[in-house]
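Enquirer: What follows is each chain in one-letter form.
Number of protein chains: 2
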Amino acid sequence: MTQLRPLLCGVELGGTKCVCLIGTDPDHILAQAAVATTDPGATLRQIADLLDNWKQAYGPIGAIGIASFGPLDLRSGSPSFGHVTSTVKAGWAGTDVVGHLRRVHRVPVGFNTDVAGAAIAEGRWGLARGLADFAYITVGTGVGVGLVVAGKPVFGCNHTELGHLRVTRAPTDVWPGMCRFHGDCVEGLASGPAIAARAGLPAENIPDESPVWELVAHPLAQLMHALVLATAPRRILVGGGVVQGRPQLLGRVRCLLEESLNGYLDLEQLTGGLERYIVPPGLGALAGPLGALALAADAYIMAQSSRAAVI
Amino acid sequence: MTQLRPLLCGVELGGTKCVCLIGTDPDHILAQAAVATTDPGATLRQIADLLDNWKQAYGPIGAIGIASFGPLDLRSGSPSFGHVTSTVKAGWAGTDVVGHLRRVHRVPVGFNTDVAGAAIAEGRWGLARGLADFAYITVGTGVGVGLVVAGKPVFGCNHTELGHLRVTRAPTDVWPGMCRFHGDCVEGLASGPAIAARAGLPAENIPDESPVWELVAHPLAQLMHALVLATAPRRILVGGGVVQGRPQLLGRVRCLLEESLNGYLDLEQLTGGLERYIVPPGLGALAGPLGALALAADAYIMAQSSRAAVI
Numbered sequence: 450m451t452q453l454r455p456l457l458c459g460v461e462l463g464g465t466k467c468v469c470l471i472g473t474d475p476d477h478i479l480a481q482a483a484v485a486t487t488d489p490g491a492t493l494r495q496i497a498d499l500l501d502n503w504k505q506a507y508g509p510i511g512a513i514g515i516a517s518f519g520p521l522d523l524r525s526g527s528p529s530f531g532h533v534t535s536t537v538k539a540g541w542a543g544t545d546v547v548g549h550l551r552r553v554h555r556v557p558v559g560f561n562t563d564v565a566g567a568a569i570a571e572g573r574w575g576l577a578r579g580l581a582d583f584a585y586i587t588v589g590t591g592v593g594v595g596l597v598v599a600g601k602p603v604f605g606c607n608h609t610e611l612g613h614l615r616v617t618r619a620p621t622d623v624w625p626g627m628c629r630f631h632g633d634c635v636e637g638l639a640s641g642p643a644i645a646a647r648a649g650l651p652a653e654n655i656p657d658e659s660p661v662w663e664l665v666a667h668p669l670a671q672l673m674h675a676l677v678l679a680t681a682p683r684r685i686l687v688g689g690g691v692v693q694g695r696p697q698l699l700g701r702v703r704c705l706l707e708e709s710l711n712g713y714l715d716l717e718q719l720t721g722g723l724e725r726y727i728v729p730p731g732l733g734a735l736a737g738p739l740g741a742l743a744l745a746a747d748a749y750i751m752a753q754s755s756r757a758a759v760i
Numbered sequence: 450m451t452q453l454r455p456l457l458c459g460v461e462l463g464g465t466k467c468v469c470l471i472g473t474d475p476d477h478i479l480a481q482a483a484v485a486t487t488d489p490g491a492t493l494r495q496i497a498d499l500l501d502n503w504k505q506a507y508g509p510i511g512a513i514g515i516a517s518f519g520p521l522d523l524r525s526g527s528p529s530f531g532h533v534t535s536t537v538k539a540g541w542a543g544t545d546v547v548g549h550l551r552r553v554h555r556v557p558v559g560f561n562t563d564v565a566g567a568a569i570a571e572g573r574w575g576l577a578r579g580l581a582d583f584a585y586i587t588v589g590t591g592v593g594v595g596l597v598v599a600g601k602p603v604f605g606c607n608h609t610e611l612g613h614l615r616v617t618r619a620p621t622d623v624w625p626g627m628c629r630f631h632g633d634c635v636e637g638l639a640s641g642p643a644i645a646a647r648a649g650l651p652a653e654n655i656p657d658e659s660p661v662w663e664l665v666a667h668p669l670a671q672l673m674h675a676l677v678l679a680t681a682p683r684r685i686l687v688g689g690g691v692v693q694g695r696p697q698l699l700g701r702v703r704c705l706l707e708e709s710l711n712g713y714l715d716l717e718q719l720t721g722g723l724e725r726y727i728v729p730p731g732l733g734a735l736a737g738p739l740g741a742l743a744l745a746a747d748a749y750i751m752a753q754s755s756r757a758a759v760i
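Taken in sequence, the protein lines are chains E and L.
Quick note: the first sequence uses this note's numbering, first residue 450, plus one each step.
Quick note: the second sequence uses this note's numbering, first residue 450, plus one each step.
Just so you know, the hints here were simulated from the structure itself, not pulled from any lab data.
Some clues are possibly wrong.
Unchecked claim - Pulled a few chain L residues facing chain E out of the computed Cβ check, cut under 10 Å:
no.	residue
1	535
2	630
3	634
Small disclaimer: the values here were computed from a predicted structure and weren't measured.
Backbone N, C-alpha and C define an ideal beta-carbon position, used for all residues, glycine too.
Required output: the full structure, derived from the provided sequences and hints.
Expert: If you want it as structure tokens, here you go:
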């Protein structure tokens, strides 16, 4: 059964802003807009209104995809499915994100973490095309990991939360880190706010030659060490505000990963060379919002196929 | 097409001995024997001879499964598929384990890590039945992890090697560890030889109340922390000589895991309670050799179905 391509809306819920898209794929985006992330009620109302305006302007929406900061409840059948759970983002713990948008728009809603969404988008349209096993890391307001194994984001009793991995420290680094839960986990050391707190100025204003970057590269390399040993991704894409425009940072991460594994694995043979293994995302800064669009596409397909099964 | 149940041989290649089985499943084992692990040529010849004796005694063998210490080359199509690669086990690096047994016995050979095999066996016959996402950890001569995601052992550019995860140290613990590659990775701190080196006597002779166990529990809890955040297994089975008969050690690991995650995830809700989440394997000490039998069963089924496809 051939379907006309439906219009899809992607909503990337971020720590500081929510980026929304309407379109069908990266080459057909009709509009894009951002809504500031304030309290959940006001933010979700603004998003619902924006989508309503787009509906008036462009026609009916086939599905909505929400790619959100976490942790999230993604367990189908759970009474709190579609909720943000224990997030550090003030006021958002327990917010029923999916329910809110579904009640207003009454279309299928896809829901996953921002990083799982971005990983799906990179697998469909970006630099992970054709790969069944890969990882997408964002280093920004937080540190998040989307981990794809055998073609799907992993999901056991929870989604991946590897940004909160505890890591060995650079030998001279005794700064306590700033994760509310773990102090010096990867996010507590390498997120934008952590870098700013340590350096006393915003990450984007810190020059490339500052010794601070070595202390950011170290926990990121430890995260890669864990990833390579855990599911052995075929590629690791690293995006987010902290990494964008800092090619020297990824270069240093590659070196430190090699030092850390210390010849235990033949990285050249397994990865085809670290220069091509640890790379910026193919979709750049759009990986996040396009992730939400990919989740919308999946939700639409799922709804169509269950409808077809009923007919 | 109904098949008579074929006789299968399982070979668990271990660091000190190789345990071999002939049978069809855990309830139908006809014979079991161990061969000391010496140099690869002599060891594999002895195993091939043992299997030959069994063939004379019990009838034709349908398939062989090899569950081996690693790292291994498991990439189908790789020129070194079926080889042990950079192992610390003297003389074994580069050994073509699969080729050796296949040349002698000319039957389908299944091949995976000892821990992936044990995980498959636990999923089929043990305490992970019905679970699509779980982990099997062995703490013995080394520390190995078999990681099952969506029903299959993960395999990206390599198999899991999480025993070599670098971990944060217990606050007072400055012992350098003894992994040849990483010093104080999990294996370098918590394997049997590491415990013996630190304590000055074999792990099995150390009393339960020794403070050494706290320093073993700590890296194991850090490994669990990483696992829960990586693929969020629905259960973690922990076996191997170091853990067997030491229920207080797993108890301490559960406490330290909870302390380490520090409320970031609602472990009670996600795991159903750590007492049922981190448990000894259902197949006990037989998880390893039964893992090899499970690999043999899979290899037999695979060969039958490709034969059916050709017919």
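Enquirer: Hints broken by the structure, by number, lowest first?
Expert: Structure breaks no hint.
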